[in-house]
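Residues per chain are reported as follows:
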Amino acid sequence: MLRRSMPRVMRALLVAGAFGCAAIGPVYAASDTMVALVPPGPHPYFATWKQGGADAAKAFGLKAADFKVPQQWQLSEQNELLESLLAQGYNGFVIFPGDPVGSVSTVSEMVSNGAPVVTAGGCLKDPSDAAFCLATDTGNSAYLGTKQLIRAMGPGKKRILHLTGFLADPNTQLRIDAVEKAATESGDQVVQVIADIDAPEPAAEKVNAYLAAHANDVDGIISTAWVPSVVAANALRKIGDKRIHMVAIDTDQVVLQAIKDGYVDGTMIQNPYGQAYIGAYAVDKLRSGCQVKADAPFKSNALTKKFIDSGTAFVDAHDVDSYVQTMQDKTKQLLSTFATTYLTCK
Amino acid sequence: MPLSYDTSSAAALPAATSALRSGLPRSRIFISNEFGLILLIVIFALVFGTMTHGFTSHFNLFTLGRNTAVNIMIGLSMMTVIVTGGLNLAVGAIGVCAAMLCGYALQVLHLPWPIALLLALALGAALGAVNGFAVVRTGLHSFIITLATMSIFYGVMIFLTRAEAYRNIPFGFVHFGSMKVLGDVSPLLLLALAVALALAALYRGSVLGREMLATGARREAAELSGIRTGRIITLCHMLSGALATVAALMLVARNGAAIPSMAGQLGQDWLLPAFLAPVLGGAVLNGGKAPVFGTCLGAALVSMLTSGLLLMQLGAFWVQTFLGLLLLLAMFLDKARRSYLAYRNLA
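Here the protein sequences line up with chains V and H, keeping their order.
Note that the first sequence covers residues 1 to 346 in my numbering.
Note that the second sequence covers residues 1 to 347 in my numbering.
Since the hints were derived computationally from the structure, they do not count as laboratory data.
Glycine residues also receive a C-beta, built at the ideal position from the N, C-alpha and C atoms.
Accuracy of the hints is not assured; some may be wrong.
As the list claims (entries may be wrong) - Label-pair ranges, simulated between beta-carbon atoms: (1) H/V42 with V/A296: 22 to 32 Å; (2) V/E201 with H/M51: 32 to 42 Å; (3) V/G187 with H/V156: 31 to 41 Å; (4) V/P155 with H/T138: 54 to 64 Å.
What the hints assert, rightly or not - As a list, the in silico EDC-like pairs of lysine to aspartate or glutamate whose alpha-carbon atoms are at most 16 Å apart: (5) V/K305 with V/D295; (6) V/K125 with H/E164; (7) H/K180 with V/D295; (8) V/K206 with V/D196; (9) V/K158 with V/D217; (10) V/K299 with V/E109.
Please model the entire structure based on the sequences and the hints provided.
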């Protein structure tokens with residue numbers, strides 16, 4: 001035992017001296033698939049990734065499909081966590097890139113070390129070594145949500161408030177453009193875009209301040225980020241005036257309850273569970289020798305030409321209780337043809 | 001060559017000579033920051049090397065060296081201002097602004113990368129000069145000034161770039177961030193050590209360096225000695241800005257792109273390593289001391305702890321907590337060390 005551990009002790013001493021020199025290889029044999037599902041930071045959107053990974057591990061016989069979260073939504077912390085997970089022996093990754101450009105080199109390093117990467121929830125900007133991107137078509141989701149809002153507000157020129165996420169996230173600009181497009185098409189007006197508020201403190205501060213001063217200047221609210229949806233739903237409940245219509249995004253309990261109580265017209269649901277489940281499945285397939293088809297029918301978005309829509313749907317008071325079933329159906333549908341549509345397996 | 005300098009060195013020379021004869025320097029070495037840090041690095045390397053999987057793997061050694069290089073530069077950037085008794089909360093914002101200019105020069109202006117790097121360094125130094133000028137002119141503490149400029153610099157950068165990244169970086173430059181030399185050593189680490197040596201030479205061998213230390217130790221006395229302390233403080237902030245730029249350019253090479261979020265919102269991601277490295281290394285917040293070697297060791301310890309704790313799977317949420325506790329512990333230990341030195345008449 002002592003004899004076996006001595007080289008590692010010596011190695012550690014070398015590290016202490018010079019951070020370099022010789023080193024032993026990874027401890028794990030690469031025979032079992034260990035997938036790490038890594039978001040860019042803590043966020044309620046990723047709450048179902050953990051279950052999605054666990055279910056995939058059970059269903060497909062993976063050694064592990066673990067959910068690992070950086071402490072903060074910071075590129076450097078995600079990069080350090082990814083490097084560490086690779087060193088620990090994880091050999092496949094499903095990640096939401098901390099930055100669509102800044103994560104490209106990290107993904108390249110992981111792939112060059114034999115660990116396939118699927119991006120989920122958010123994409124890398126082409127060119128990258130990620131196998132593909134499995135995510136919500138954010139622009140389309142924002143467009144459809146705005147159309148639903150316009151329908152709910154009724155005829156006549158209406159004034160829309162748009163609440164959205166981080167400016168540094170390129171999806172934010174896509175959402176802003178999509179909402180503007182939908183409003184312009186129907187002759188309505190986006191009177192204000194409040195961005196950079198996908199966190200509790202700035203969202204509460206800015207949304208409440210705006211509604212306190214300009215509630216009468218707004219006919220409808222479209223929210224395209226999780227936290228502003230929650231904050232705005234709460235604000236409308238406090239105001240108690242159902243004149244202002246709202247379409248939210250995602251499935252926070254506050255939003256779902258507000259839909260049931262009539263304060264919010266509906267929400268655009270996404271499929272994070274399916275992203276994790278199918279992402280882990282695909283990584284395992286790629287590790288076992290499958291390759292992405294050269295002529296796979298990928299869609300395109302602003303970042304990549306290897307985009308797969310993980311599904312989105314509008315949920316209102318009529319089907320708010322069955323939204324889980326809606327997304328599970330989409331996941332099953334996508335999975336049933338996934339291998340034959342996107343992969344070539346020997 | 002000693003790489004930690006303070007203004008009391010010259011005055012204390014006769015006493016030190018006397019102490020040498022009586023054998024006291026040996027105990028002084030043992031209670032120095034640098035010795036303590038080396039000891040801690042060895043201990044933690046042994047702990048992580050034997051208790052974790054992958055700590056000594058090729059990939060981890062390489063990434064550890066690369067992360068250490070960036071942390072060294074961030075730490076040195078803060079240290080050069082701490083030398084004067086000031087602080088620079090805008091290290092991250094300055095670094096990102098300069099890196100974005102580099103990206104703009106490469107992608108939009110199509111300038112050769114050496115010129116783009118020089119432009120970035122010039123902007124970093126210029127933003128540092130703005131900080132220094134404001135500190136000297138207003139008489140306010142640099143904490144306030146740099147807290148304000150952190151938001152100003154970052155906000156203007158976001159406005160000008162519309163938060164868009166620049167990714168058309170020349171292959172040779174990007175390759176520098178991922179290549180390995182001498183086995184698993186990142187060239188970024190060698191660059192960081194070269195910069196540290198240059199800084200050590202500045203503080204040890206140049207009049208300017210001595211004037212910086214003297215200004216930090218006692219500004220009034222330095223002025224009476226004929227040192228233009230306002231100019232020196234501005235120069236220290238310029239140096240800090242340039243070093244922050246080097247750190248940011250390292251990240252550009254590492255990420256393959258100039259990204260507005262590379263140092264977090266307002267560049268705040270850099271603040272903890274910026275303080276940890278020099279404080280662990282023995283910097284005195286009142287100024288007058290430039291522990292270049294200690295700052296490098298402090299950065300290495302921080303990087304190693306981050307890597308080791310992540311590998312131990314304690315949970316990423318504990319890493320920052322642990323680093324924060326380490327900062328507090330370092331302050332307490334430094335205070336205890338000073339008390340001990342004073343008690344033994346070694347200070």
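Verification of the supplied hints:
1. H/V42 with V/A296: 22 to 32 Å: Since the Cβ atoms of H/V42 and V/A296 sit about 52 Å apart, the hinted range of 22 to 32 Å is violated.
2. V/E201 with H/M51: 32 to 42 Å: 38 Å, holds
3. V/G187 with H/V156: 31 to 41 Å: For H/V156 against V/G187, whose Cβ atoms are near 36 Å apart, the range 31 to 41 Å holds.
4. V/P155 with H/T138: 54 to 64 Å: 58 Å, holds
5. V/K305 with V/D295: The given pair, whose Cα atoms are some 12 Å apart, holds under the 16 Å limit.
6. V/K125 with H/E164: 12 Å, holds
7. H/K180 with V/D295: Not satisfied, since the Cα-Cα distance of roughly 36 Å exceeds 16 Å.
8. V/K206 with V/D196: With a Cα-Cα distance of about 10 Å, the restraint between V/K206 and V/D196 holds, given a limit of 16 Å.
9. V/K158 with V/D217: 10 Å, holds
10. V/K299 with V/E109: 26 Å, violated
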